[in-house]
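Novice: Sequence:
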Amino acid sequence: ELDALAPLKSTHFGEAYRGTKTPATFKFTYKYTPGPKFFNTIITGEGANTKVTAQEVPDKTDECSLIAYLDGTNINDSKKVILKAAFSSGVQNSFIEKTINFEPTGNGSFDPANKKYKIAIVCTPSKEGDAYKGAPESTLWIKSLEVTYQ
Numbered sequence: 002e003l004d005a006l007a008p009l010k011s012t013h014f015g016e017a018y019r020g021t022k023t024p025a026t027f028k029f030t031y032k033y034t035p036g037p038k039f040f041n042t043i044i045t046g047e048g049a050n051t052k053v054t055a056q057e058v059p060d061k062t063d064e065c066s067l068i069a070y071l072d073g074t075n076i077n078d079s080k081k082v083i084l085k086a087a088f089s090s091g092v093q094n095s096f097i098e099k100t101i102n103f104e105p106t107g108n109g110s111f112d113p114a115n116k117k118y119k120i121a122i123v124c125t126p127s128k129e130g131d132a133y134k135g136a137p138e139s140t141l142w143i144k145s146l147e148v149t150y151q
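Residue numbers (this note's numbering): 2 to 151.
Don't take each hint at face value.
Claimed, not checked - Here are the simulated distance ranges between beta carbons:
| hint | residue 1 | residue 2 | range |
| --- | --- | --- | --- |
| 1 | N77 | A17 | 34 to 40 Å |
| 2 | N102 | A7 | 28 to 34 Å |
| 3 | N115 | E138 | 42 to 48 Å |
Claimed, not checked - Computed list of lysine-lysine pairs in DSS-like fashion (alpha-carbon distance at most 27 Å, straight line):
| hint | residue 1 | residue 2 |
| --- | --- | --- |
| 4 | K61 | K22 |
| 5 | K61 | K32 |
| 6 | K28 | K119 |
| 7 | K80 | K32 |
| 8 | K22 | K81 |
| 9 | K99 | K81 |
FYI, nobody ran anything at the bench for these hints, they're computed from the structure. Just so it is clear, CB atoms sit at the ideal spot from N, CA and C, and this is done for glycine as well.
Using the sequences and the accompanying hints, generate a full structural model.
Specialist: If you want it as structure tokens, here you go:
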């Protein structure tokens with residue numbers, strides 16, 4: 002269901018994870034070009050008086066983000082996320098392979114016998130896109146994604 006006033010509440014992340022092994026690493030091959038101008042979205046007023054404008058931030062460069070999560074609802078701040086492999090970067094002109102370890106978030110431990118999990122991989126050309134901040138024309142190319150387990 003779409004919640005137009007709070008779009009992030011409309012998004013549900015993750016596929017059911019039926020494994021019994023702990024996610025260990027998140028490996029990917031990518032390249033990235035940030036857009037030329039970074040903008041913040043400014044929202045003022047309420048209801049019919051709501052006004053949305055874009056404000057350029059002259060000295061800020063967009064960054065991409067590639068993250069794999071185990072569990073989660075509002076993925077960036079959910080207390081349900083127990084493991085996370087996160088990476089962000091500026092310009093990367095040619096494809097490069099990276100491997101990032103899953104790290105505990107402090108929100109619990111992996112217990113496949115007693116809990117249900119979801120696994121989600123989120124790749125975005127604007128790391129702050131969930132806050133409506135970023136550079137139009139930022140481009141993230143993904144060649145491969147892989148999660149390994151232990």
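Novice: Would the pair K61 and K32 pass a check requiring their Cα atoms to be no farther apart than 27 Å?
Specialist: 19 Å, holds
Novice: Note whether the CB distance of N115 and E138 lies within 42 to 48 Å or breaks it.
Specialist: With a Cβ separation near 46 Å, N115 and E138 satisfy 42 to 48 Å, so the hint holds.
Novice: May I ask you to test the hint 34 to 40 Å on the CB atoms belonging to N77 and A17?
Specialist: About 21 Å separates the Cβ atoms of N77 and A17, which means 34 to 40 Å is violated.
Novice: Is the Cα-Cα distance between K99 and K81 27 Å or less?
Specialist: It holds: about 26 Å lies between the C-alpha atoms, which stays within 27 Å.
Novice: Can you confirm whether the C-alpha distance between K22 and K81 stays at or below 27 Å?
Specialist: 18 Å, holds
Novice: Falls inside 28 to 34 Å, the C-beta gap from N102 to A7?
Specialist: 33 Å, holds
Novice: Straight-line Cα separation of K80 and K32 no greater than 27 Å?
Specialist: 31 Å, violated
Novice: For the pair we were handed, K61 and K22, check the Cα-Cα distance against 27 Å.
Specialist: 40 Å, violated
Novice: Is it true that the CA of K28 sits at most 27 Å from the CA of K119?
Specialist: 18 Å, holds
Comparing the model with each earlier hint shows violations of hints 1, 4, 7; every other hint is respected.
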